[in-house]
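What follows is each chain in one-letter form.
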Amino acid sequence: MPIANSPTTVPVVVDEKKCIADKGCTVCVDVCPLDVLRISEMTGKAYMKYDECWYCMPCEADCPTDAVTVNIPYLLR
Amino acid sequence: MDEISSGLSEVECDILVIGGGTAGPMAAYKARKKNPDAKVILLEKANVKRSGAISMGMDGLNNAVIPGYSTPEQYTKEITIANDGICDQDAVYRYAKECYSIIEELDKFGIRFQKDENGEFDVKKVHHIGTYVLPMPNGDTVKKALYRQLRRARVMISNRFMATRLLTGKNGRIAGAISVNTRTSEFLVIKAKAVIMCTGAAGRLGLPTSGYMFGTYENPTNSGEGYTMAYHAGAKLANLECFQINPLIKDYNGPACAYVAGPLGGYTANANNERFIECDYWSGQMMQEFHNELLSGKGPVFLKLNHLHQDTADHIEEILHTVERPSRGRFHEGRNTKYSETMIEMHISEIGFCSGHSASGVFVDDNARTTIDGLYAAGDMASVPHNYMLGAFTNGAIAGEHAIDYVKDMEFDEIDQGEVAKEQERILAPTKREDGIPPNQIEFKIRRLVNDYLQPPKVDKKYELCQSRLAEVREDMEQNMMVRDAHELMRATEASSILDCADMAAHASLYRKESRWGLYHNRVDYPERDDENWKCHVLLSKQDGVMTCEKRDVKPYIIPINEDEKDAYNNQRVQAQA
Numbered sequence: 001m002p003i004a005n006s007p008t009t010v011p012v013v014v015d016e017k018k019c020i021a022d023k024g025c026t027v028c029v030d031v032c033p034l035d036v037l038r039i040s041e042m043t044g045k046a047y048m049k050y051d052e053c054w055y056c057m058p059c060e061a062d063c064p065t066d067a068v069t070v071n072i073p074y075l076l077r
Numbered sequence: 001m002d003e004i005s006s007g008l009s010e011v012e013c014d015i016l017v018i019g020g021g022t023a024g025p026m027a028a029y030k031a032r033k034k035n036p037d038a039k040v041i042l043l044e045k046a047n048v049k050r051s052g053a054i055s056m057g058m059d060g061l062n063n064a065v066i067p068g069y070s071t072p073e074q075y076t077k078e079i080t081i082a083n084d085g086i087c088d089q090d091a092v093y094r095y096a097k098e099c100y101s102i103i104e105e106l107d108k109f110g111i112r113f114q115k116d117e118n119g120e121f122d123v124k125k126v127h128h129i130g131t132y133v134l135p136m137p138n139g140d141t142v143k144k145a146l147y148r149q150l151r152r153a154r155v156m157i158s159n160r161f162m163a164t165r166l167l168t169g170k171n172g173r174i175a176g177a178i179s180v181n182t183r184t185s186e187f188l189v190i191k192a193k194a195v196i197m198c199t200g201a202a203g204r205l206g207l208p209t210s211g212y213m214f215g216t217y218e219n220p221t222n223s224g225e226g227y228t229m230a231y232h233a234g235a236k237l238a239n240l241e242c243f244q245i246n247p248l249i250k251d252y253n254g255p256a257c258a259y260v261a262g263p264l265g266g267y268t269a270n271a272n273n274e275r276f277i278e279c280d281y282w283s284g285q286m287m288q289e290f291h292n293e294l295l296s297g298k299g300p301v302f303l304k305l306n307h308l309h310q311d312t313a314d315h316i317e318e319i320l321h322t323v324e325r326p327s328r329g330r331f332h333e334g335r336n337t338k339y340s341e342t343m344i345e346m347h348i349s350e351i352g353f354c355s356g357h358s359a360s361g362v363f364v365d366d367n368a369r370t371t372i373d374g375l376y377a378a379g380d381m382a383s384v385p386h387n388y389m390l391g392a393f394t395n396g397a398i399a400g401e402h403a404i405d406y407v408k409d410m411e412f413d414e415i416d417q418g419e420v421a422k423e424q425e426r427i428l429a430p431t432k433r434e435d436g437i438p439p440n441q442i443e444f445k446i447r448r449l450v451n452d453y454l455q456p457p458k459v460d461k462k463y464e465l466c467q468s469r470l471a472e473v474r475e476d477m478e479q480n481m482m483v484r485d486a487h488e489l490m491r492a493t494e495a496s497s498i499l500d501c502a503d504m505a506a507h508a509s510l511y512r513k514e515s516r517w518g519l520y521h522n523r524v525d526y527p528e529r530d531d532e533n534w535k536c537h538v539l540l541s542k543q544d545g546v547m548t549c550e551k552r553d554v555k556p557y558i559i560p561i562n563e564d565e566k567d568a569y570n571n572q573r574v575q576a577q578a
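Protein sequences, first through last, are from chains A and B.
According to the numbering used here, the first sequence is numbered sequentially starting from 1.
According to the numbering used here, the second sequence is numbered sequentially starting from 1.
Calculated directly from the structure, the hints in this document are not laboratory data.
Where hints are given, some of them may not hold.
Derived DSS-like pairs: lysine-lysine, alpha-carbon spacing no greater than 27 Å straight-line [said to hold, decoys possible]:
(1) K566/B - K45/A
(2) K125/B - K445/B
(3) K18/A - K144/B
(4) K45/A - K17/A
(5) K432/B - K49/A
(6) K33/B - K125/B
(7) K250/B - K298/B
(8) K97/B - K23/A
(9) K49/A - K445/B
Chain A side only, calculated, beta carbon under 8 Å to chain B, not exhaustive [to be verified]:
(10) I3
(11) K23
(12) D30
(13) P33
(14) K45
(15) M48
(16) Y50
(17) C53
(18) W54
(19) C56
(20) M57
(21) V70
(22) P73
(23) L75
(24) L76
All residues carry an ideal CB built from backbone N, CA and C; glycine is no exception.
With the sequences and hints as input, model every part of the structure.
Laid out in structure tokens, this is it:
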């Protein structure tokens, strides 16, 4: 059976103006225990690639430029 | 990143520690401290900096045995009673005697514990009998402090490698493990003279009621690999039918009340604002009363703090919203709920395996040894009951110090390259398919079935139905699961662990023909506790390829339990006042 792409709204939001991933920073990607963040090849900024979040917040707490915000996933809000 | 590559490398070490959360770093650290020449590898699926159950931090120690407040004898007695008598006391007693020195050591690492105005540890009473709860005002520093010590002890850390199977050697001893990189799918075989497993709970077994697959109580990265690997290697697992089920904030996976709010006057109440349980310490008996209240018409159940002074309620809120689960404040903000104003709705968590909270774990003795020579286990996945974070630290230390002596003069046991090839083929099978079922759907279906059929109260017919439905999913998983990148391959491998754990949960539950541990093993077809036939461990293992259970006697008690004490935890319900 073919695979569809179902849309999902993701809880982790990155402020691209503050994110310095394009300067080589990978802190949020490194510290996520679920490994769901990536650096976009298009923008050079961090983003949430997989909607598999424990909303535990190391990505936000450890970000050196306060670029990351963790929201509560919509399903349990 | 995430493209599937092929590759296989091999390394050797004296001790391989699998899992970089709480017990694992402590085991690796203690092993290196005792023998600085030993080669110790710490393998971690994510990154040791923020991995495991205590990723962000911890609000407090739930089971600190501190001179002047409690004794090892009293603690051992309390846990024996809380666990309905099924307890090899030697491991609990050893923990209770050694945990204070670990607290002092953690204090030196910079993880400070709450002290009173006289500089003494400020221990609180939450349990039914004794006083063991010690708040951690800077509990957000735990992982960072541990990481510093690992670097100082020069432990070799391998992040992003997920162990998938243990290797036993020609002599039946442990010989190492096979792991796969979570971002490249490359394999790493680690030959080791001893292996210490610290892979945490099986926390992704049941499905949270919100339907969000990763909104579990346990860190969802803890998907039960330790249980599965131990099983396939032939180790015995103890009392898996003693599920972990916790009282949580409804829809939010933060713990509710007992350890933080309890000592300050908070409690669990029903919809009539009434207290209905005597003691908020988490036990199966307490969860049974919680469950009864939910169904009684007096539910739902609430965390009640709105009777407290505004400052006290605000203080509790501040702790709960900053240290262990800081997104909790955001959850309440979204719901417009303030602890000082309204009672907070609570609910029952999904089921899991976790001896840290209950007693379901890989069977270990008082030296953290499993039933396989050279294989150790510590923390949430090892069978020492109710051992929590301090148990993970203490038993991790015990494992590390014992293993480092064990490997002295020990040779590597020879591994079977055929096993390695077979495991590579098993793991990579979903990458070879052009078309099929993605791992998230396989996982969702397993966990939905777990909720539908395995969630207590346990009914025989439902359990049998579940077993046949899970067998169908297994066929889909083995024949049709398909992944597109290395990250999905990690999830696919986890799905297979989750399915194994679901099978083990069903099998062990059906074997123990009685009810015990309150809600954790409430068996409708055998509603009474039967001490005559079942005051024993149930050990599950793979015998000639088949899942098998056996009884094992509980070791004679070191600390005797009086007849009038043994049911203390069965009297949880608040009695009507005369």
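(request) Verify the interface restraint on C53/A: the C-beta must sit less than 8 Å from at least one C-beta of chain B. (result) holds, 6 Å
(message) With the threshold set at 27 Å, check whether the alpha-carbon distance from K33/B to K125/B stays at or below it.
(response) violated, 35 Å
(request) For the pair supplied as a hint, K49/A and K445/B, confirm whether the alpha-carbon distance does not exceed 27 Å. (result) Cα-Cα ~23 Å, so holds.
(message) Tell me if the straight-line CA distance from K250/B to K298/B falls inside 27 Å.
(response) holds, 16 Å
(message) Let's test the interface hint: is any C-beta of chain B closer than 8 Å to that of D30/A?
(response) holds, 5 Å
(message) Using the nearest Cβ pair, does P73/A come within less than 8 Å of chain B?
(response) holds, 5 Å
(message) For K566/B and K45/A, compute the direct alpha-carbon distance and say whether it is at most 27 Å.
(response) violated, 59 Å
(request) Mind checking the alpha carbons of K432/B and K49/A for me, to see if they're no more than 27 Å apart? (result) Measuring from Cα to Cα gives roughly 23 Å; hence the hint holds.
(message) With the threshold set at 27 Å, check whether the alpha-carbon distance from K125/B to K445/B stays at or below it.
(response) violated, 41 Å
(request) Could you check if M57/A really has its C-beta closer than 8 Å to a C-beta on chain B? (result) Given a least distance of 5 Å, the restraint on M57/A holds.
(message) Under 8 Å is the threshold here; is the Cβ of M48/A close enough to any Cβ of chain B for the hint to stand?
(response) violated, 12 Å
(message) Is the interface hint satisfied for W54/A? The criterion is a beta-carbon contact with chain B at less than 8 Å.
(response) holds, 6 Å
Violated hints for the displayed structure, listed by number in ascending order: 1, 2, 6, 8, 11, 14, 15.
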